[in-house]
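Participant: What follows is the residue order along each chain.
There are 2 protein chains.
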Amino acid sequence: MARQEITVGVIGLGLVGGSAALKLREENFAHKILGYDKNESHAREAINLGIIDEVCSLDVLCEKADLIILAIPVNSALTVLRNVIVNIKPSAVVVDFGSTKQKICELADTLPNRDQFVACHPIAGTENTGPSAAFSELYQDKVNIICNRKDSSEQAVEVATKMTEALGMRIKFMDSASHDRHIAFVSHLSHISSFTLGQTVLEVENDEENIFDMAGSGFASTVRLAKSSPEMWAPIFTENADNILMVLDRYISNLKKYRRLIEDNNEVELKKLMKETNVIRKVLKGEKTEVKTPLTNNK
Amino acid sequence: MARQEITVGVIGLGLVGGSAALKLREENFAHKILGYDKNESHAREAINLGIIDEVCSLDVLCEKADLIILAIPVNSALTVLRNVIVNIKPSAVVVDFGSTKQKICELADTLPNRDQFVACHPIAGTENTGPSAAFSELYQDKVNIICNRKDSSEQAVEVATKMTEALGMRIKFMDSASHDRHIAFVSHLSHISSFTLGQTVLEVENDEENIFDMAGSGFASTVRLAKSSPEMWAPIFTENADNILMVLDRYISNLKKYRRLIEDNNEVELKKLMKETNVIRKVLKGEKTEVKTPLTNNK
Numbered sequence: 006m007a008r009q010e011i012t013v014g015v016i017g018l019g020l021v022g023g024s025a026a027l028k029l030r031e032e033n034f035a036h037k038i039l040g041y042d043k044n045e046s047h048a049r050e051a052i053n054l055g056i057i058d059e060v061c062s063l064d065v066l067c068e069k070a071d072l073i074i075l076a077i078p079v080n081s082a083l084t085v086l087r088n089v090i091v092n093i094k095p096s097a098v099v100v101d102f103g104s105t106k107q108k109i110c111e112l113a114d115t116l117p118n119r120d121q122f123v124a125c126h127p128i129a130g131t132e133n134t135g136p137s138a139a140f141s142e143l144y145q146d147k148v149n150i151i152c153n154r155k156d157s158s159e160q161a162v163e164v165a166t167k168m169t170e171a172l173g174m175r176i177k178f179m180d181s182a183s184h185d186r187h188i189a190f191v192s193h194l195s196h197i198s199s200f201t202l203g204q205t206v207l208e209v210e211n212d213e214e215n216i217f218d219m220a221g222s223g224f225a226s227t228v229r230l231a232k233s234s235p236e237m238w239a240p241i242f243t244e245n246a247d248n249i250l251m252v253l254d255r256y257i258s259n260l261k262k263y264r265r266l267i268e269d270n271n272e273v274e275l276k277k278l279m280k281e282t283n284v285i286r287k288v289l290k291g292e293k294t295e296v297k298t299p300l301t302n303n304k
Numbered sequence: 006m007a008r009q010e011i012t013v014g015v016i017g018l019g020l021v022g023g024s025a026a027l028k029l030r031e032e033n034f035a036h037k038i039l040g041y042d043k044n045e046s047h048a049r050e051a052i053n054l055g056i057i058d059e060v061c062s063l064d065v066l067c068e069k070a071d072l073i074i075l076a077i078p079v080n081s082a083l084t085v086l087r088n089v090i091v092n093i094k095p096s097a098v099v100v101d102f103g104s105t106k107q108k109i110c111e112l113a114d115t116l117p118n119r120d121q122f123v124a125c126h127p128i129a130g131t132e133n134t135g136p137s138a139a140f141s142e143l144y145q146d147k148v149n150i151i152c153n154r155k156d157s158s159e160q161a162v163e164v165a166t167k168m169t170e171a172l173g174m175r176i177k178f179m180d181s182a183s184h185d186r187h188i189a190f191v192s193h194l195s196h197i198s199s200f201t202l203g204q205t206v207l208e209v210e211n212d213e214e215n216i217f218d219m220a221g222s223g224f225a226s227t228v229r230l231a232k233s234s235p236e237m238w239a240p241i242f243t244e245n246a247d248n249i250l251m252v253l254d255r256y257i258s259n260l261k262k263y264r265r266l267i268e269d270n271n272e273v274e275l276k277k278l279m280k281e282t283n284v285i286r287k288v289l290k291g292e293k294t295e296v297k298t299p300l301t302n303n304k
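Protein sequences, first through last, are from chains R and U.
Just so we're aligned, residue 6 is where the first sequence starts under the working numbering, counting upward by one.
Just so we're aligned, residue 6 is where the second sequence starts under the working numbering, counting upward by one.
Do not rely on the hints blindly, as some may be mistaken.
Stated by the list, open to error - If we take Cβ atoms under 10 Å as the criterion, some of the chain R residues that face chain U in the derived model are:
(1) Lys37
(2) Asn80
(3) Ser81
(4) Gly130
(5) Asp156
(6) Met251
Bear in mind the hints are in silico, worked out from the structure with no lab data behind them.
Virtual Cβ for every residue (Gly too), placed ideally from N, Cα, C.
For reference, chain R alone in the conformation it holds in the complex:
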């Protein structure tokens, strides 16, 4: 497949799919971009914003595309993958961009043309949704996790790799079960914590002006993810339920520990706990910390 001839078909033209389309065109990775969105106004918007060249049906998209990107909620991705994978060209590759990987890999294993499918999770996002939220630099310098690589053909992994590079991303390989466990901690828990924080404040704070005036105190950043799309996130939570329940239990138990220390007026232990957690600053910079798991006694 010569690079200049690649036709990309994007299914789902919101933030995730739209941003990929913009960047793949910008990098001359995509020769032509076809788009499908079950929300017709989104499809029209994607055309108007120059995100895609043509809107088409799923059938036509399968018939023409060399690379198909599923950028839809994880539950819809299961259904669409099932329909799409049997209709693609013999040389075509299908990737999905969903935030959970175990269910879709399990499904793919039961479908024809398994080796033409590559399970991806580009770790990038904002709290905004729809084609107008898309921007070409969304993925720059982020990580794309490719799961269960050995179940895809070498050619398919190569196409996914080139796409990843065109998006400006690094690749990380992982098995789908590990992915779902890790991402439950680092992403899914953050979203639940943020939604619940927003809910708690809205429930109790009668005067919205107070929230607005006081949001500069840290609330704005911790609650940012509570603006995220329910259509996208509810299926993620239920699909990755086993991991998330385990993570949530641990989070709630740690909150109760803080609660107890505050009730006991135990500033010494509070400071110790907070200081141990401050190491996150280095971790987020990618610096090696001396104590790899500072809280191992709690494991």
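Please build the complex by placing chain U on the supplied structure of chain R, with the hints as guidance.
Facilitator: Relative to chain R, chain U alone:
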């Protein structure tokens, strides 16, 4: 007190005090800035960074300053206010910038010169600490909450008002009990939620590289506050314990509600809850929402 003659004394030369000093000089509000910090290297750093003109003892600072700003942890502020308020000039004004207001107002009520003290909480901050974290625009367009205004003299409130304007802030008046209740929700809970999130992830994630690679998924912003100073935050948590415990209980109860809905695979209710919480987007923009308290049934 002619404006050009104001000598400002800043006690605590970290992010909060340092940023105020920089801005008050920039705006020609302060004619001269004296500084005190019990951490001598911070004091030297503040001189070297041009944040203050002179380091001096608390006694000299009280003797010379027309406006004294307490920008130290809330427990230290109680001790320092007690010592400072009896030594200030008859025309001087003392303000504190702490994140809790009830305890310091209660203390001030028992001290001499109560009416020369104005309890402030400028709602601004970052997760960084020390003089090097200070920048003159920290307070720009944010809100300074002045508590129990009627217990301060008109002249003192006027000075605090002019200082607030010089910092680029709006003023909001509140009683100290309301302040502490509201701020527990909008700020203190965010910090506990963020610290606990960081702790939970560090406990379980053996491979720090995974955290780094996956942090683009929302974790980085929800965990930002977990980089905050334990010295500053532990005393806030214990000082505002009554409100925080109430808030934490509500937060934990809402997390359990999410947990139950996820366990029950109840996407319909999850979406409903998340959609109701999405209103936070408008609230944070200062837009009026149609439903003032969307979750009133839970109140």
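Participant: So, for every hint listed, does it hold in this structure?
Facilitator: Taking the hints in turn, this is what the structure says about them:
The restraint placing Lys37/R at the interface with chain U is violated, with a minimum CB-CB distance near 29 Å, outside the 10 Å limit. Interface hint status for Asn80/R: upheld, as the beta-carbon distance to the closest one in chain U is roughly 8 Å, under 10 Å. Look at Ser81/R: its Cβ only gets to about 12 Å from chain U, farther than 10 Å, so that hint breaks. Proximity of Gly130/R to chain U holds as hinted, the smallest CB-CB distance being about 6 Å (cut-off 10 Å).
Hint on Asp156/R is violated. Least Cβ distance to chain U is approximately 21 Å, over the 10 Å limit. Using the Cβ-Cβ criterion of 10 Å, the hint placing Met251/R at the interface with chain U is satisfied: the shortest such distance is roughly 9 Å.
The earlier numbered hints that this structure contradicts are 1, 3, 5.
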